[in-house]
Amino acid sequence: MMATNKKMLEQEPGEIEALLPWHAAGTLNARDIRRVEEALARDPSLAKQYAAIQEEYAETIALNESLGAPSARAMAKLFAAIDAEPVRKPSASLRISTGIAEFFSGLSPRTLATAAAVGAVALLLQAGVIGAILSQGQPGSFQTASLSGPKDTVTRSLGSDGAPRAFVRFVPDARVSDIAAFLDANQASIVDSSAGGMFRVQFGDKPMSRQEVAGLMTRLQNEKIINLAAPAQ
Amino acid sequence: MSAAQAASDDVLIARIAQGDRLAMQVLYGRHHVRVFRFGLRLVRNEQVAEDLISEVFLDVWRQAGKFEGRSAVSTWLLAITRFKALSAMRRRKDAELDDEAANAIEDTSDDPEVAVQKKDTSEALRKCLTSLSSEHREIVDLVYYHEKSVEEVAEIVGIPENTVKTRLFYARKKLADLLKAAGVERGWP
Chain A
1 MMATNKKMLE
11 QEPGEIEALL
21 PWHAAGTLNA
31 RDIRRVEEAL
41 ARDPSLAKQY
51 AAIQEEYAET
61 IALNESLGAP
71 SARAMAKLFA
81 AIDAEPVRKP
91 SASLRISTGI
101 AEFFSGLSPR
111 TLATAAAVGA
121 VALLLQAGVI
131 GAILSQGQPG
141 SFQTASLSGP
151 KDTVTRSLGS
161 DGAPRAFVRF
171 VPDARVSDIA
181 AFLDANQASI
191 VDSSAGGMFR
201 VQFGDKPMSR
211 QEVAGLMTRL
221 QNEKIINLAA
231 PAQ
Chain B
1 MSAAQAASDD
11 VLIARIAQGD
21 RLAMQVLYGR
31 HHVRVFRFGL
41 RLVRNEQVAE
51 DLISEVFLDV
61 WRQAGKFEGR
71 SAVSTWLLAI
81 TRFKALSAMR
91 RRKDAELDDE
101 AANAIEDTSD
111 DPEVAVQKKD
121 TSEALRKCLT
131 SLSSEHREIV
141 DLVYYHEKSV
151 EEVAEIVGIP
161 ENTVKTRLFY
171 ARKKLADLLK
181 AAGVERGWP
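Sequence order for the protein chains is A and B. Quick note on the numbering used here: the first sequence kicks off at 1 and runs consecutively. Quick note on the numbering used here: the second sequence kicks off at 1 and runs consecutively.
It is worth saying that the hints were derived from the structure and are not from the lab. Hints may contain errors.
[What the hints assert, rightly or not] Here are some chain B residues pointing at chain A (derived, C-beta under 10 angstroms):
#, residue
1, L52
2, R82
3, E123
4, T130
5, I159
6, N162
7, W188
All of these numbers come straight from a predicted model, not from anything done at the bench. Don't be surprised by glycine CBs; every beta carbon is placed ideally from N, CA and C.
Let the sequences and hints guide you as you build the complete structure.
Have a look at this one:
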């Protein structure tokens, strides 16, 4: 028994050695790729084993590819079984989550990156404003939690003071530069995002009359990169 | 599989959960061949493997609402396939499976010894891959053909990640032994 265990232990793969098949298949993370490549460069016996693994990898793929595909009978059987299943009603929460997933999957990577970048900039600006407000009128560099001073709250100071906001949904192929240009031209900033790929956007920093808001909405609806705009709080 | 395809698989599953038949057709079209091949390598019978994929995708239709997206849809499919294959194998006698094994996936090539005589290491390798135990076959296929990570294989097979690594190592050792017995030396181990 002891001898068997010893033999097993001797046969255990090394940490890097055990990862070689995944390296051949290209499914390792960046850190492990680097570790494996460094080990392969300095250990000829490991490199020899890796060559054997690459052969196994290629032949496993060839073998599986040679297995062909199932006949149409399998699909017919499946859909006959599905047709025999009771009809189900979609739930509201599922519809919403599907909508969100579809919206984001439909966006180009560039658009997603823009939205993320715009969101990040908005957060940074917000952080900057909070920092500026907190430091305003505080000559000392040290503050205590019991600091006495103006009673204005941070949130009130950050508020829009009635500046108009709208829910905006951009078209799926909207480009980063288009969205950035739109925000710039309208002195607008994305305040947050909500369900269904909607963004809450604030326009300027001054209140508008009802007519002005209506005009803004009409203008937004006519924007090529926007497919939905509605007034928001 | 790309991240975009994984994301769109998730969308399909959400639609299927709502009873969208078209989404089911798309998902089936996208994955049925790989599911079939994985099942066939386990059960070694085309008829059984075809029945298996119908059962797997019917389970997807029924369980889509419970899919939480913690793993890739393809990983979920392979896990269901494995479970169904093992159940199918349990329903059949081992001897029956062994008899069918040679016929089901057998191609027109020679056995390993003859293949080596022809200096065809490739052919011998494929024969030996077919001769591995089902436990070893599945792990080799999952890593090399289905391109599953250590974590994903652990999830599909239901074993710890370290066991995944050692099991593949021993599968490869066994493969080397089979090749050696067939007269093929590859310099490892």
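So, going through the hints one by one against the coordinates:
no. : hint : verdict
1   : L52  : holds, 9 angstroms
2   : R82  : violated, 15 angstroms
3   : E123 : holds, 9 angstroms
4   : T130 : holds, 7 angstroms
5   : I159 : violated, 14 angstroms
6   : N162 : holds, 8 angstroms
7   : W188 : holds, 4 angstroms
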